[in-house]
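S.K.: Read off the chains here:
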Amino acid sequence: MTVKQLSVFVENRPGRLCAVTEALAESGINIRAVSIADTKDFGIMRIIVNDTDKAVEVLKEKSFIASAANVIAVIADDKPGSMASIMKTLYNDNISVEYMYAAFLNTQKGEACLILRVDNNEAAEVALKEAGCRLLTEEDIAQI
Amino acid sequence: MAGKYWNEQIETMELSDMKKLQSERLVKQVKHVWDNVPYYRKKMEEKGVTPDDIHGVEDLYKLPFLSKADLRDSYPYGLLAEPLSECVRIQSTSGTTGKRVVAFYTQNDVDMWEDCVARAITAAGGTKEDVVQVAYGYGLFTGGAGLHGGSHKVGCLTLPMSSGNTERQIQFMQDLGSTILCCTPSYAAYIGETLHEMGLTPDDIKLKAGIFGAEPWTEEMRSEIEKSLGIKAYDIYGLTETSGPGVAFECEEQSGMHINEDNFIAEIIDPDTGEVLPEGSKGELVFTSITKEAFPLLRYRTRDICVLSRKKCSCGRTLVKMTKPMGRSDDMLIIKGVNVFPSQIETVLIKDFKATPNYQIIVDRIGTTDTFEIKIELSDDMFSDTIKDISTLEKKLSADIQQILGIKAKITLVEPKTIPRSEGKAVRVIDKRKLV
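Line by line, the protein sequences give chains A and B. So the first sequence is numbered by our numbering: it starts at 1383 and just counts up by one. So the second sequence is numbered by our numbering: it starts at 92 and just counts up by one.
A hint or two may mislead.
What the hints assert, rightly or not - Think about it this way: if two alpha-carbon atoms lie no more than 27 Å apart in a straight line, the pair counts; the simulated DSSO-like pairs of lysine-lysine are: (1) K508/B x K1444/A; (2) K442/B x K1386/A; (3) K1444/A x K138/B; (4) K1442/A x K523/B.
Claimed, not checked - Computed from the model, here is a short list of chain B residues facing chain A with C-beta under 7 Å: (5) K466; (6) D476; (7) T503; (8) I510.
Since the hints were made in silico from the structure, they are not lab data. Ideal Cβ placement from N, Cα and C applies to all residues, glycine included.
Excised from the complex, chain B in its bound form:
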């Protein structure tokens, strides 16, 4: 069937050919990094590896890992492999300070990224006849830029709505006949709810598919969204470190995401030992970018826990499939699509209180929206006999948290010794969302 694949040759490539392609690209990429990224070269030297040791994908395990800490240490230019004059774009993770990641793109990198997204849009049934409404946030966040670029590449009529102003989103769907919606799953669910609140039904809009990512979501959420908007909902996966959304995408089978492994080699490792695990094992996902020029990460530890599978897919694609992330091997939380580390919250508390009070992060999902609460045990220093002073403190905390994380948290001050401790240690995070 014409138009089923964006790049049929790659997407249905025999495994042996794919390994060959990956090997060629890996060898070249390792040399590129060795020559241009002293930070990684040093890591290789420390491990006693040189580009001469890498002959193909079978040698990948010899290379050292990169972690988010490496990205922080080398911020902003330490992992850059091309002169800035060759770079045309910067994108960044959602956090405005703290553990931010800044990624650079050459024109080829942007083209590759958009090509990956084009595959995802095509797999969701998109062609140049479609009207794609991009309701991901635009800006440094890769969601808006990624889907926007991919939609252009396919030749779809692209509506750069960004997120928010939900009634206008629905108005545009009605007036301009949007057929594919791209946003976070929680926003899609919210749009669905709003549609019904406005007295409309899926028959009043022309949407047929949705491509949703950037945060964890469940099968229950998928069926809810599909019903409320009258669409088929596809998952998309990616991270700023490797490019953005489109590293992996779902096909009509909706049973895991095909990884664009001509660009990204995926491995599953034991997060504790770093040992590579056989196919089908649950472990931490590691990516090696083999085509990126400006910001080529080798063996980047995503901290996402999932399973890879090469089981034959009914869609005809031979690209390896990953399950939805089943959790994290670090303490990162994804709340409302934003990456949150408890240590970022600690930074704010230390700044505002000059000490670390006992605190607890409580995340839940009411309907389809994440709730985010921070309970803080009040101390003598923070106490005042006037409500005004305590409210001022709460407001300052709330503003500082929003400044750091980009999302709002409900601040609840509680009495001392009321936050449960296990074996004397406070339980920092309670995630009540049942996401897997």
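Excised from the complex, chain A in its bound form:
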């Protein structure tokens, strides 16, 4: 039960983030969560959108380097210690986190969402479910 994440290569120069987001906007793609990993010369934009395959297609048409990868979207309660317990669950099962970022926060429900890129999606799913965590699906993302 993973969700798709869009990754885009962006050069570190003015106007590139604008170009990526405008391309998505023109195609009516909604951004649910975003993070940028940056180096001196380039960055990788990681985005959760409502239609990842379409987003990849749109960006490739515009000569961007874009790809889709499966990541884990796990719901964390909006209270102290909930993220720590998720991390502990993964740590106990020897699952390594490559990177992570937080997504939309539902203040009404008191929920946050963590996007996790781990070295073993299947193992992480099992571990998190056993620990009673709720994982989001593609459908969940599309319906938000």
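Following the hints, put chain B in place on chain A, whose structure we already have.
M.R.: Just chain B, lined up with the frame of chain A:
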């Protein structure tokens, strides 16, 4: 004035006598090559020339050219004209793989080479009283070995420092009173900068002259080096194919380099047609080694573009003068003193990516140091959503480039279709250095 020339007879020889000497040596050399180098003999036969057709320098144009491709095709022994048992030395160009050139020397060849360098050192004011600091790289590269040998020949106290460890270079200059520095011009400039950073001035060292070569440099760079080190800076020219540095050298007039034409006959040709051009024309420099025994190249195309001049020189030398190379007739770049062909970089890209991505080489000079950047358009196959994977790729590329070229390049990955193309073809090289 005593000691002004290393070999006065040769260096001030009348042109007619020089032509006579060259002719005698050429006739002998052509026969030597014909008898001992089947590769070149075949080339001569294909052109319908035999040693009987060569009576003197006026017949030189009849001989076929040799190019770097010939050297590659005949690597390593194909152009060797003496048994290996007669050879005492090997030197090689800077590239560690790819378009490498390996040259062989007999003892006479080494003596001739060192004699040429001795002329250069003498022209720069060097005598046996001098302390010569050789800060060219030692090893297969001809820079260190050439200046080292020439310095010995003159009888100078020779400091075989090799390049690098700049503060120690300066320490030795101070402690041992070096008077002549030999290295690449960019390293000389760097030593000058370091000297000032260390809070020293030219008054704290005894350097009076520098002999700098192996890479292109400008008059601005010359005056900068002269000022920062308090010296007079002399240019020296050479290539491994013919021997090494010392094929041509500058005198106190600092207006072009005298070619040691008793050993190397120089011609200027049209790089497109191969036709010999009259004196004063700009064209490709071609050398014929007329005294080398082990590796005697006839009509070797240097790919350097320059002009020859027989205008009377105030130093009294009658040896023909060449200008600094004004460019290349091929796509070779000289970066940090190292010969770089774009095709070598392509080889690495093909190996690492199994395809040729669009790339661009950007060379610039910041202050006096060359910068070398390779921009590569990222492709889907190379992309990953983790920085770690892309960094690994960059590091591998960087290491492979260094392995092939011997120098570091900054690798910059860029988005597709961002490298400018002209008429649909990518512009492979941008050289921003203003060297001429």
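S.K.: Does each hint hold? Answer for all of them.
M.R.: Verification of the hints:
Under the criterion of a C-alpha separation no larger than 27 Å, the hint pairing K508/B with K1444/A is consistent with the structure, at around 10 Å. Proximity of K442/B to K1386/A is assessed by CA-CA distance (about 32 Å); at most 27 Å being required, the pair is judged violated. Our distance criterion of 27 Å between C-alpha atoms is broken by K1444/A and K138/B, whose separation comes to about 56 Å. Restraint check for K1442/A and K523/B: not satisfied, since their Cα atoms lie roughly 33 Å apart, outside the 27 Å limit.
At about 10 Å, the closest approach between the beta carbon of K466/B and any beta carbon in chain A exceeds 7 Å, and the interface hint on this residue is violated. Satisfaction of the interface hint for D476/B is found here, the shortest Cβ-Cβ separation to chain A being roughly 4 Å, below the 7 Å cut-off. The closest approach between the C-beta of T503/B and any C-beta of chain A is roughly 5 Å, which is under the 7 Å cut-off, so the hint is satisfied. Checking I510/B against chain A by beta carbon gives a least distance of about 12 Å; that is not within 7 Å, so the hint is violated.
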